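Listed below, chain by chain, are the residues.
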Amino acid sequence: MSSETKQILTTDGIPLEVSLKKAEKKNKIKAFLLVAPLLLFLIITYVFPIGEMFSRSVDDKMITNMLPKTFKEMEKWDGKELPSEEVFSAFYYDFKVLVEKQEHGKLGQRLNKEKNGFNSITKKLFRQVKRKKIDESISIKEQVMKVHKRWRNVEYWQAIKRTAPPYTMSKYLKGMDMYYAADGSIAQVDEDRRIHRILWLRTLEIAFFVTLFCFLMGYPIAHLLATLPMKYSNLLMICVLLPFWTSLLVRTASWMILLQQQGVVNDFFVMIGLVADDNRPEMMYNKVGTYVAMTQILLPFMVLPLYSVMKTISPSLMRAGKSLGGTPFVAFWKVYFPLTIPGIGAGCLLVFILAIGYYITPALVGGASGTLISNQIAFHMKQTLDWSFASAMGLMLLSGVLVIYWIYNKLVGVDNIKLG
Amino acid sequence: MALPSYTETRYRIWHYVYIAICTFVFFFLIAPLFVIFPLSFNAEEFLVFSEGMKNLDPDAFSLRWYKDMIYGTKNPWGLAAKNSFIIAIFATIGSIILGTLAALGLSSRHMPYKGIIMATLISPMIVPLIISGVAIFFFMAKVGLAATHTGIVLAHIILGTPFVVITVTATLSGFDHSVTRAAASLGSNPVNTFMKVTLPLILPGVISGGLFAFVTSFDEVVVVLFLAGLENTTIPIQMWTGLREQLSPTILAVATCLIILSTLILISAELLRRRSERLRGINR
Numbered sequence: 001m002s003s004e005t006k007q008i009l010t011t012d013g014i015p016l017e018v019s020l021k022k023a024e025k026k027n028k029i030k031a032f033l034l035v036a037p038l039l040l041f042l043i044i045t046y047v048f049p050i051g052e053m054f055s056r057s058v059d060d061k062m063i064t065n066m067l068p069k070t071f072k073e074m075e076k077w078d079g080k081e082l083p084s085e086e087v088f089s090a091f092y093y094d095f096k097v098l099v100e101k102q103e104h105g106k107l108g109q110r111l112n113k114e115k116n117g118f119n120s121i122t123k124k125l126f127r128q129v130k131r132k133k134i135d136e137s138i139s140i141k142e143q144v145m146k147v148h149k150r151w152r153n154v155e156y157w158q159a160i161k162r163t164a165p166p167y168t169m170s171k172y173l174k175g176m177d178m179y180y181a182a183d184g185s186i187a188q189v190d191e192d193r194r195i196h197r198i199l200w201l202r203t204l205e206i207a208f209f210v211t212l213f214c215f216l217m218g219y220p221i222a223h224l225l226a227t228l229p230m231k232y233s234n235l236l237m238i239c240v241l242l243p244f245w246t247s248l249l250v251r252t253a254s255w256m257i258l259l260q261q262q263g264v265v266n267d268f269f270v271m272i273g274l275v276a277d278d279n280r281p282e283m284m285y286n287k288v289g290t291y292v293a294m295t296q297i298l299l300p301f302m303v304l305p306l307y308s309v310m311k312t313i314s315p316s317l318m319r320a321g322k323s324l325g326g327t328p329f330v331a332f333w334k335v336y337f338p339l340t341i342p343g344i345g346a347g348c349l350l351v352f353i354l355a356i357g358y359y360i361t362p363a364l365v366g367g368a369s370g371t372l373i374s375n376q377i378a379f380h381m382k383q384t385l386d387w388s389f390a391s392a393m394g395l396m397l398l399s400g401v402l403v404i405y406w407i408y409n410k411l412v413g414v415d416n417i418k419l420g
Numbered sequence: 421m422a423l424p425s426y427t428e429t430r431y432r433i434w435h436y437v438y439i440a441i442c443t444f445v446f447f448f449l450i451a452p453l454f455v456i457f458p459l460s461f462n463a464e465e466f467l468v469f470s471e472g473m474k475n476l477d478p479d480a481f482s483l484r485w486y487k488d489m490i491y492g493t494k495n496p497w498g499l500a501a502k503n504s505f506i507i508a509i510f511a512t513i514g515s516i517i518l519g520t521l522a523a524l525g526l527s528s529r530h531m532p533y534k535g536i537i538m539a540t541l542i543s544p545m546i547v548p549l550i551i552s553g554v555a556i557f558f559f560m561a562k563v564g565l566a567a568t569h570t571g572i573v574l575a576h577i578i579l580g581t582p583f584v585v586i587t588v589t590a591t592l593s594g595f596d597h598s599v600t601r602a603a604a605s606l607g608s609n610p611v612n613t614f615m616k617v618t619l620p621l622i623l624p625g626v627i628s629g630g631l632f633a634f635v636t637s638f639d640e641v642v643v644v645l646f647l648a649g650l651e652n653t654t655i656p657i658q659m660w661t662g663l664r665e666q667l668s669p670t671i672l673a674v675a676t677c678l679i680i681l682s683t684l685i686l687i688s689a690e691l692l693r694r695r696s697e698r699l700r701g702i703n704r
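Protein sequence lines, in the order shown, are assigned to chains A and P. Numbering-wise, the numbering used here puts 284 at position 284 of the first sequence, and it's gapless, one number per residue. Numbering-wise, the numbering used here puts 533 at position 113 of the second sequence, and it's gapless, one number per residue.
Honestly, the hints are just simulated from the structure, not real lab data. Mixed in with the good hints there might be a few duds.
What the hints assert, rightly or not - Taking lysine-lysine and the DSS-like style, the derived pairs with C-alpha atoms no more than 25 Å apart in a straight line are:
(1) K22/A x K534/P
(2) K30/A x K616/P
(3) K61/A x K562/P
(4) K30/A x K562/P
(5) K534/P x K21/A
(6) K26/A x K562/P
(7) K25/A x K534/P
(8) K80/A x K26/A
The structure displayed is predicted, hence computed values, not measured ones.
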């Protein structure tokens with residue numbers, strides 16, 4: 001720009017550029033203020049609590065606060081042979097404080113999780129301390145070691161040392177059936193006790209197959225709905241939308257009625273002679289029930305995105321394909337199918353994400369062999385009250401979902417989510 | 421979908437196979453809902469079709485489970501229905517207000533960090549419910565709102581707003597912003613413009629988002645299971661307990677009522693969608 005060009009001014013005499021920038025900024029703030037209430041609300045009530053789940057899942061401060069003197073002394077200990085007199089006496093004085101506060105039981109339980117056998121020996125020590133049997137003027141190490149032979153075992157002291165850091169990943173390891181071995185390395189749980197890995201695999205398997213079934217069943221009807229004349233397709237659309245709007249529990253209840261041993265499906269099988277009347281198969285409280293019910297419940301989430309994509313594909317493309325010499329199958333495979341891939345991606349990922357976190361239906365029709373990881377999370381939240389473990393598993397599940405969501409965003413874009 | 425007369429036999433066969441597959445899938449989708457109707461009128465206590473029902477004997481049908489639902493002693497359905505409606509209505513109002521405001525901001529072209537904010541706002545829809553349940557429970561327990569109506573309403577606002585945000589944003593995407601400028605140039609203040617011009621135009625989107633929020637709240641069980649005390653029992657909670665303990669025909673009577681309710685909601689949602697498309701000038 002040459003120096004002679006005058007700056008364009010607004011009527012107020014302010015340069016236009018500045019004035020526009022100001023207006024732009026004002027608009028930005030205005031738009032942001034509209035979003036702010038919901039954003040703040042969600043951050044406080046939802047995003048932070050999910051973050052809190054993380055701190056809860058790695059939190060191990062309880063024991064750090066219980067044995068402050070011991071851990072301080074243990075810093076000097078190499079952890080190979082039995083600790084020195086100082087460690088023993090520090091532990092004894094820490095324990096005495098806990099006994100006064102009546103918290104020695106908690107310590108026993110927590111240490112027992114680290115190594116089996118702690119519960120009984122802390123109880124033994126408690127009795128000695130309570131009866132004032134331990135003479136503080138002579139070597140405390142000798143006396144504690146006499147309480148139980150396990151106090152003479154270095155492995156137990158190593159276990160105490162392992163609990164020193166205020167944070168632990170042990171809950172995450174437990175979620176993958178692993179644990180910290182005595183020397184601090186990561187070890188696998190015995191093969192017959194690996195329950196969580198089975199659950200993860202089963203969750204993935206069920207989510208995968210439910211997605212596959214939904215795709216195989218959803219694709220043809222989405223195609224039919226998209227190609228039929230409006231007046232018929234609107235009618236048939238009800239078959240998709242009514243289940244979509246109906247309570248999940250109602251739909252689960254209807255499957256419980258259908259699939260029970262004296263239920264309609266079994267009646268039908270007996271009637272057409274597929275199975276003998278006295279040999280009706282169990283279709284509920286196992287994987288079959290979970291598959292059937294979840295497929296029907298999640299099917300609308302596959303059909304609706306597929307339908308909205310197929311609706312935009314012009315029928316003349318198929319005609320063009322055929323007129324250029326393709327058989328209907330070739331025209332479908334080379335022309336129509338590639339155009340529906342965005343819909344397939346959207347539907348499959350939506351169903352997969354929903355299926356992987358399913359809770360209600362598996363809990364009701366799944367029985368023992370149909371329960372998923374979500375059921376395990378709920379179990380620890382409500383029954384064992386091991387909230388930190390529930391949080392850890394929830395976050396493991398969440399990170400899986402976020403990866404899938406990220407792929408979804410890359411492939412389809414979140415803005416393209418359509419509801420009906 | 422009549423076939424042209426020149427269709428080869430194998431494609432003709434394939435076409436009928438295809439129709440048969442579609443029929444089966446439609447049947448698979450809708451039939452389970454219709455099992456509930458007749459069984460809820462069962463005169464007996466069992467959840468199977470009795471001989472009398474199969475022979476259409478009038479004595480085999482009765483309204484006793486509906487009576488039990490309404491008048492039955494120590495029946496929780498009255499309280500549950502009341503709670504469900506109160507919670508769902510307040511949750512819907514909250515979701516509509518917060519969600520519509522946010523959608524208005526999000527569809528402004530001046531909005532900064534649109535992507536990340538949109539992702540945050542709709543995250544409760546993507547995160548598995550069980551995780552949302554755990555997180556919301558921790559929050560409500562900390563602020564002392566666990567086992568209160570307020571806590572459940574807030575939880576359902578969290579779960580319901582994404583639907584409002586999505587539907588209203590979609591409605592606003594076809595919105596002609598020159599009409600609001602026209603209103604402003606005619607001397608209308610922003611609030612007046614919103615109430616008189618914008619809101620009537622986006623109303624179908626707002627209401628259909630509200631319907632989603634209502635259904636989400638009315639049907640929600642996972643989060644409520646963590647939050648609810650005995651006083652806050654809702655219809656889904658009662659159904660859940662009933663289905664776990666023993667399947668009684670009373671549950672089927674309730675389920676029938678719920679299916680009727682969802683049919684009504686479906687019809688209103690469909691009417692709204694058509695009206696919205698008409699208003700936005702989308703003709704198909």
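Cross-check of the supplied hints:
1. For a cut-off of 25 Å, the pair hint linking K22/A to K534/P stands: about 20 Å separates their Cα positions.
2. Taken as a hint, the K30/A and K616/P pair is honoured in the structure, with Cα atoms around 20 Å apart against an allowance of 25 Å.
3. A threshold of 25 Å between alpha carbons decides the hint, and for K61/A with K562/P the separation of about 19 Å falls inside it, so the pair holds.
4. At roughly 33 Å between alpha-carbon atoms, K30/A and K562/P are farther apart than 25 Å, so this suggested pair is violated.
5. As the CA atoms of K534/P and K21/A are separated by approximately 19 Å, the hinted pair is consistent with the 25 Å bound.
6. At most 25 Å may separate the alpha-carbon atoms for a hinted pair to count; K26/A and K562/P exceed this at roughly 38 Å.
7. Only pairs whose Cα atoms come within 25 Å are accepted, and K25/A paired with K534/P is accepted, the gap being roughly 15 Å.
8. Only pairs whose Cα atoms come within 25 Å are accepted, and K80/A paired with K26/A is rejected, the gap being roughly 67 Å.
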